[in-house]
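Chain by chain, the residues run as shown.
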Amino acid sequence: MDPTTAMYVAQGLHGLAYGMLLFLVASGLTMVFGMMGILNIAHASFFMLAAYFSYQVLAFTGSFWLALLLAPVAAALVGVLCERFLLRRTHAFGHLGELILTVGISLVILEGVKVFWGTESLPIHVPPLLEGRLALGGLDYPIYRLFVIGLALVVLGVLAAVLYTTRLGMVVRAAVSDAGMVNALGINVPLLFMFVFGMGTWLAGVAGVAIAPILTVFPGLADQMGMDAFVVVVTGGLGSLWGAFLVSLILGELNSYGVQFVSQLAPVLMFLFMAIVLAIKPMGLFGERE
Amino acid sequence: MTRRAVRWLAGVAALAVLLAYPSLFGIYFTNSFVTFGIFALYAVSFNLLLGFTGLLSFGHAMFFGAGGYGTALALTHLKGLPLLPALALGVAAALALGVLLAPLMVRISGTAFAMLHLAFGQLMYVLALKLRTITGGEDGIGGFPIPPFSVPGVLSVDMKTPANFYYFAVAVLGFSVFALWFVTKTPFGCVMVGVRDNPNRVAYLGFRVPHTKAVVYLLAAGSAGVAGSVFAMFQNLVSADGALHVFVSFAPVQLTMIGGVGSFFGPILGSAIFGVISELTSRYTERVELVSGAILILVIMYAPLGVIGMWHAARARARARFAPRGAAEPAR
Amino acid sequence: MNLPRQALTLVVLASLLLFGVADAQAAQAKAAFDPDKMADMSDFDPNKPVIPTGDTIKIAVVASFSGPAAVVGQIYFISVQWAAHDINKRGGIMVDGKRKLVEVIKANHASQPAETKKVAERMVLQEKVNVLWGTDGSHLMKIINQVADKYKVIAQSASALSDELYDTTNFSRYSFMSSFSTEQIGRAIGFYYGKIRKKEKKFYILGQDYLFGHSLADGFKKGLKEYYPEATLLGEDYHPLFMKDFAPYLQKIKASGAEVIFTGDWIPDAENLLVQARQMGIKLPFANLFLDEPNMLHRVGVDGTTGLVHVSQYGAEGGAFKTPGQIKAYKAWNTLWKTKWGPPYNTRLYEHGTGNIGSYIQQTYWLLSVIERAGSTDPEKIIKVWENDSYQLLNGKVLTMRSCDHKAIQDLHVEEYVPPAKQRESFNIPPYFWYEGTSSVGPSVAIPARYVLPKMDKSLARCKDKSEAGE
Numbered sequence: 009m010d011p012t013t014a015m016y017v018a019q020g021l022h023g024l025a026y027g028m029l030l031f032l033v034a035s036g037l038t039m040v041f042g043m044m045g046i047l048n049i050a051h052a053s054f055f056m057l058a059a060y061f062s063y064q065v066l067a068f069t070g071s072f073w074l075a076l077l078l079a080p081v082a083a084a085l086v087g088v089l090c091e092r093f094l095l096r097r098t099h100a101f102g103h104l105g106e107l108i109l110t111v112g113i114s115l116v117i118l119e120g121v122k123v124f125w126g127t128e129s130l131p132i133h134v135p136p137l138l139e140g141r142l143a144l145g146g147l148d149y150p151i152y153r154l155f156v157i158g159l160a161l162v163v164l165g166v167l168a169a170v171l172y173t174t175r176l177g178m179v180v181r182a183a184v185s186d187a188g189m190v191n192a193l194g195i196n197v198p199l200l201f202m203f204v205f206g207m208g209t210w211l212a213g214v215a216g217v218a219i220a221p222i223l224t225v226f227p228g229l230a231d232q233m234g235m236d237a238f239v240v241v242v243t244g245g246l247g248s249l250w251g252a253f254l255v256s257l258i259l260g261e262l263n264s265y266g267v268q269f270v271s272q273l274a275p276v277l278m279f280l281f282m283a284i285v286l287a288i289k290p291m292g293l294f295g296e297r298e
Numbered sequence: 017m018t019r020r021a022v023r024w025l026a027g028v029a030a031l032a033v034l035l036a037y038p039s040l041f042g043i044y045f046t047n048s049f050v051t052f053g054i055f056a057l058y059a060v061s062f063n064l065l066l067g068f069t070g071l072l073s074f075g076h077a078m079f080f081g082a083g084g085y086g087t088a089l090a091l092t093h094l095k096g097l098p099l100l101p102a103l104a105l106g107v108a109a110a111l112a113l114g115v116l117l118a119p120l121m122v123r124i125s126g127t128a129f130a131m132l133h134l135a136f137g138q139l140m141y142v143l144a145l146k147l148r149t150i151t152g153g154e155d156g157i158g159g160f161p162i163p164p165f166s167v168p169g170v171l172s173v174d175m176k177t178p179a180n181f182y183y184f185a186v187a188v189l190g191f192s193v194f195a196l197w198f199v200t201k202t203p204f205g206c207v208m209v210g211v212r213d214n215p216n217r218v219a220y221l222g223f224r225v226p227h228t229k230a231v232v233y234l235l236a237a238g239s240a241g242v243a244g245s246v247f248a249m250f251q252n253l254v255s256a257d258g259a260l261h262v263f264v265s266f267a268p269v270q271l272t273m274i275g276g277v278g279s280f281f282g283p284i285l286g287s288a289i290f291g292v293i294s295e296l297t298s299r300y301t302e303r304v305e306l307v308s309g310a311i312l313i314l315v316i317m318y319a320p321l322g323v324i325g326m327w328h329a330a331r332a333r334a335r336a337r338f339a340p341r342g343a344a345e346p347a348r
Numbered sequence: 109m110n111l112p113r114q115a116l117t118l119v120v121l122a123s124l125l126l127f128g129v130a131d132a133q134a135a136q137a138k139a140a141f142d143p144d145k146m147a148d149m150s151d152f153d154p155n156k157p158v159i160p161t162g163d164t165i166k167i168a169v170v171a172s173f174s175g176p177a178a179v180v181g182q183i184y185f186i187s188v189q190w191a192a193h194d195i196n197k198r199g200g201i202m203v204d205g206k207r208k209l210v211e212v213i214k215a216n217h218a219s220q221p222a223e224t225k226k227v228a229e230r231m232v233l234q235e236k237v238n239v240l241w242g243t244d245g246s247h248l249m250k251i252i253n254q255v256a257d258k259y260k261v262i263a264q265s266a267s268a269l270s271d272e273l274y275d276t277t278n279f280s281r282y283s284f285m286s287s288f289s290t291e292q293i294g295r296a297i298g299f300y301y302g303k304i305r306k307k308e309k310k311f312y313i314l315g316q317d318y319l320f321g322h323s324l325a326d327g328f329k330k331g332l333k334e335y336y337p338e339a340t341l342l343g344e345d346y347h348p349l350f351m352k353d354f355a356p357y358l359q360k361i362k363a364s365g366a367e368v369i370f371t372g373d374w375i376p377d378a379e380n381l382l383v384q385a386r387q388m389g390i391k392l393p394f395a396n397l398f399l400d401e402p403n404m405l406h407r408v409g410v411d412g413t414t415g416l417v418h419v420s421q422y423g424a425e426g427g428a429f430k431t432p433g434q435i436k437a438y439k440a441w442n443t444l445w446k447t448k449w450g451p452p453y454n455t456r457l458y459e460h461g462t463g464n465i466g467s468y469i470q471q472t473y474w475l476l477s478v479i480e481r482a483g484s485t486d487p488e489k490i491i492k493v494w495e496n497d498s499y500q501l502l503n504g505k506v507l508t509m510r511s512c513d514h515k516a517i518q519d520l521h522v523e524e525y526v527p528p529a530k531q532r533e534s535f536n537i538p539p540y541f542w543y544e545g546t547s548s549v550g551p552s553v554a555i556p557a558r559y560v561l562p563k564m565d566k567s568l569a570r571c572k573d574k575s576e577a578g579e
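Here the protein sequences line up with chains L, A and P, keeping their order. So the first sequence is numbered by our numbering: it starts at 9 and just counts up by one. So the second sequence is numbered by our numbering: it starts at 17 and just counts up by one. So the third sequence is numbered by our numbering: it starts at 109 and just counts up by one.
Chain L on its own, in the form it takes in the complex:
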């Protein structure tokens, strides 16, 4: 590969890596919305929380792998508690109330993070096993980013397997499209909601841990990621996993090649894409539900 081709390929991989991370965050957000109708503003806060948890696990055990295992679960646990004791109680008062509630939760998490871990940025390192770069025919690419792509694909695979081959997945999919009907069939929908909310925050948590070695872990992390995830979910169609997947990849690549070719316009491209898609299809690419 000549250097120019290598550069274009590398740019493509950067876009893929970022797009995959974005998808991990957005997938949870879109599932929660599809099922519960909640636009969860606090979603990115759980993402940030997991990054901080992973710092804590690393500080105690020194193992990145343990952090990858435990931190998302811990974040999901906090998410489940929020669902059970806050969101569920206000469900009857409509989605707008829940939305404001999640704004409140995100603010409290921001403050909590500062109380426990301080205001400075925290160092999280790439695990030794994944350090360094892979040289491949003129391409010189960081292994950790390849790992992130792989991790996201595995999570996506497991998610798809659970949703499309298990009974649980079938029920979840059914509840996403019509929660009332599923409830009428005698399934414990509140429990299902809690499960989906937990799974959504777990997905965000995985992204939080995966991104921590690349991105600065500081109290503004959630703000940085939140808007991108919303753009993905809204453009892909609220509640649509495939929409989120597709748009994540498009935005990732739009960012990479945007910087390469029209660097001055790169930050506008994402929102322009969203505005155009929504102007044509107000419910997003794959959105149907009102």
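One should not assume that every hint holds.
[Unchecked claim] List of simulated lysine-lysine pairs, DSBU-like, C-alpha gap at most 30 Å:
(1) A:LYS95 <-> P:LYS572
(2) P:LYS310 <-> A:LYS176
(3) A:LYS176 <-> P:LYS566
(4) P:LYS572 <-> A:LYS176
(5) P:LYS138 <-> P:LYS489
(6) P:LYS572 <-> P:LYS492
(7) P:LYS329 <-> A:LYS146
(8) A:LYS146 <-> P:LYS439
(9) P:LYS214 <-> P:LYS439
(10) P:LYS566 <-> A:LYS95
(11) P:LYS258 <-> A:LYS176
(12) P:LYS214 <-> P:LYS446
(13) A:LYS176 <-> P:LYS489
(14) A:LYS95 <-> P:LYS138
(15) P:LYS307 <-> A:LYS176
(16) P:LYS333 <-> A:LYS146
(17) P:LYS258 <-> P:LYS214
(18) P:LYS439 <-> P:LYS492
(19) P:LYS260 <-> A:LYS95
(20) P:LYS236 <-> P:LYS492
(21) P:LYS330 <-> A:LYS176
(22) P:LYS303 <-> P:LYS448
(23) P:LYS439 <-> P:LYS530
(24) P:LYS574 <-> P:LYS489
(25) L:LYS289 <-> A:LYS95
(26) P:LYS329 <-> P:LYS492
(27) P:LYS566 <-> A:LYS146
(28) P:LYS333 <-> P:LYS566
(29) P:LYS448 <-> P:LYS436
(30) P:LYS530 <-> A:LYS146
(31) A:LYS176 <-> P:LYS138
Everything labelled a hint here was simulated from the structure, so no lab data went into it.
Once you have looked at the hints, place chains A and P on chain L.
Below, chains A and P without anything else, positioned relative to chain L:
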């Protein structure tokens, strides 16, 4: 004394307090009141869409910002532009944006409406950051001249004096709020509510739903533009973060929820409560997020219909308890 | 020591001879910080600050004390309070016929423009402060200056670096910029590469896409043109604030063949940029303004930080410690940091009390010295003393306040980051290194003030017939 007389007296007293406010409370609280007034009008204009027509916007800041940028740009580039035309140009900018978006927006509602506004709001925000030569980017447009309020040959009042600006702002904002309130009381106001509750029936009755929506949309856009324009002149600055950020779009959602979504005056009350809270937090704590977060959670948990809703509920309970059977219906 | 290092030292020595020793200015300073007069600071604790009340000299530190950038407020507060505590223990300052203590008040602007105006007005109108000290963000400092101008109180711009704050449209005679400023920072780096280092020739600018980032870049371009015409600029890119993935930019820069990346990014952008570059195997040096925060440097370790070129407003030619007084003052801070302070002030960020923190402390001492010599808190009297004043800092550096546009004329220092074993060149007292786990300041050269005079807006009437040196 009749009820009517009491109302008149209360009105006169309120007017007297408003007039004497700057000399009673000093410059700082005078400015705080102007801030409150701006956000009250902004929230009312938002609630015109949400509370009366059932349209939730996550991008209302774009009209607020358009008003601000319109006025700021006009005052920067047009030498000697008087005060009221500057205000009018800001409102015109907001209206123009509204006219541009209305054909698209009147055909959708619910989530799509909210999201499309989020999208366009964010697009405006990044464009304001990006087009630095026009908008000043992150720093915004500031330091433009604030013209005096003048009637040629009669009087000229300096608007850089906080008390003078207060009277100007209170007059403009107060008139706008009154105008919006008046609209909700007209037959057209009833059609608006009809569009919210049952658009099909409104259509069967012969009213054109998209046209009604468009008029409400432009009213909301224009009045948000008034708020934004006054805000820009008050701050002598308009910036992307201060006028177009997604937090600025979320602000009226919060103010409305705290005050009470179903009522015209809910957002105003919400703004007042929020003003007092932020005044207190900025003095006594650095844990600003914790306080505002906890308040939002508590309001939604325990007063989901806002303070006004809570008050109505309490009054209904009190009536049910103390009044004789059958008298619990609201007074007519 | 290897050969290139010796060669560099020779160049440095030669340039010293050529451009004259910076200390020559010191004798002219009208006032100086005297470490021998410093009070016993052993009771200083930023978590339990002793803040006098009543009839005091009031300084409001306007900064973000909440939100994601709360750390900035903490840094400012400990710095200003340190100087205030010292002066208070010495018995305060004689003003208007009365000895008064210095009261530091936190004013939280939460990084919001509207909130900045509100809190600054509250400080002036209700707390009756004498000085507004600020702040993180030039767009917010602009608002503080407007409030200062409107209500006629003194403002000190100690950390908002944009030149535009003091141009025709924004200048206020009540506001003084005691920090360095964007254009001179960029030019200083241009000067360093062109006149002192004379090695790398190919540059790339990567900055934040807002006024500050562009002003810095313009300064650097001007510096290259003036002092390094042989250099080529291979490209310039400006990314949005709070960027997440820098890889596309870095990939592009790598392919361009640049030898140095110039950046004015601050954290978190600075940290993401550095960390992601090193992860991608891009070892290019960054010529930078804010890549000096120790937490971030430790994240990429010694290898990842060697060769960084940093421009500082609180540097020193050669060894940092030249007088016993300096060592005493340094130890007073460092000992307390080691033994006394609790979170958040017990992290690496606060270890040395030099660098930016040192600069904020010394800028505050300058302010207090001006008030003392004015013998009054009357803004007009303060303005009279501060204009054309010069003050020698603890580290020997002299700041001169250009009277026509209120910008500080000063030498700047460009520092090269080297591994711990070589840091003794700068940290010339035991343990002979700044940080054990990262590269830090080694060779440090002065860029004499006359080569990097702060930008002057000639359309400002007060500056019309003044030279840039202020005469």
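Violated hints, by number in ascending order, as checked against the structure: 2, 8, 14, 15, 18, 21, 22, 25, 26, 30, 31
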